[in-house]
Amino acid sequence: LAKTTQPISMDSYEGQEVNITCSHNNIATNDYITWYQQFPSQGPRFIIQGYKTKVTNEVASLFIPADRKSSTLSLPRVSLSDTAVYYCLVGDMDTGRRALTFGSGTRLQVQP
Amino acid sequence: DAMVIQNPRYQVTQFGKPVTLSCSQTLNHNVMYWYQQKSSQAPKLLFHYYDKDFNNEADTPDNFQSRRPNTSFCFLDIRSPGLGDAAMYLCATSRDGGDLATNEKLFFGSGTQLSVL
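Protein sequence lines, in the order shown, are assigned to chains Y and V. For the first sequence, my numbering assigns the number 1 to the initial residue and increments by one for each residue that follows. For the second sequence, my numbering assigns the number 1 to the initial residue and increments by one for each residue that follows.
Fair warning: there could be bad hints in the mix.
Said to hold, decoys possible - Below, a list of computed lysine-lysine pairs in the DSS-like style, where the Cα atoms sit at most 27 Å apart:
| hint | chain 1 | residue 1 | chain 2 | residue 2 |
| --- | --- | --- | --- | --- |
| 1 | V | K44 | Y | K3 |
| 2 | V | K17 | Y | K69 |
| 3 | V | K38 | V | K17 |
| 4 | Y | K3 | V | K17 |
These are calculated hints, taken from the structure and not from any lab test.
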């Protein structure tokens with residue numbers, strides 16, 4: 001049973017807002033939702049984390065509905081440098097409910 | 001700056017020849033992880049150390065071992081590399097928040113790209 005489900009890929013243009021949604025139907029009460037960004041030949045980098053409602057930082061916003069069964073990473077006004085793979089992680093029974101298991105991720109391609 | 005450092009950046013080994021990958025951290029985090037990432041795939045957790053306690057993932061081959069001599073360093077040993085072990089190996093750290101915490105954040109190194117000839 002997949003822990004998280006994301007679109008395999010998305011395309012956008014520079015200056016647009018990009019929203020990537022992640023489904024996590026089996027999220028537990030105490031699970032946080034964490035998003036990472038990975039550029040080619042680099043390790044993943046923490047972007048944002050949230051538990052409910054909305055979280056915003058200098059990089060992105062994270063929207064979490066009341067039932068917490070999904071979350072949406074919002075990247076405002078993307079640039080070419082935002083081309084990367086984006087992963088959402090939630091707690092995982094296989095790792096004692098710690099968010100250590102990466103799903104397939106979403107490959108974002110930003111065009112000029 | 002506090003960080004996670006992996007050496008070397010690229011490693012070439014021969015089929016069956018033992019190889020060791022290194023990771024060091026200046027974050028003073030108590031948990032260190034090793035992930036394997038093959039081309040166009042997601043990182044896959046191999047094992048992790050919670051302080052000195054070693055935690056192996058159920059499907060990690062016996063060919064992969066790890067050592068953590070102190071808080072700052074962690075090593076990945078591949079005893080007999082096969083062609084299928086060619087991958088990027090990522091080291092990560094986190095500051096564990098306790099048994100019920102899923103809000104930890106992973107800090108990754110840049111990885112070591114392993115080639116097996």
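**Message:** V:K38 and V:K17 were given as a pair; does the straight-line alpha-carbon distance stay at or below 27 Å?
**Reply:** holds (20 Å)
**Message:** Check whether the Cα positions of V:K44 and Y:K3 lie no farther apart than 27 Å.
**Reply:** holds (14 Å)
**Message:** Holds or violated: Y:K3 and V:K17, Cα atoms, limit 27 Å.
**Reply:** Judged against 27 Å, a Cα distance of about 36 Å means the pair is violated.
**Request:** Starting from V:K17, check that the Cα of Y:K69 is at most 27 Å away, please.
**Result:** violated (46 Å)
Consistency note: the structure conflicts with the earlier hints numbered 2, 4.
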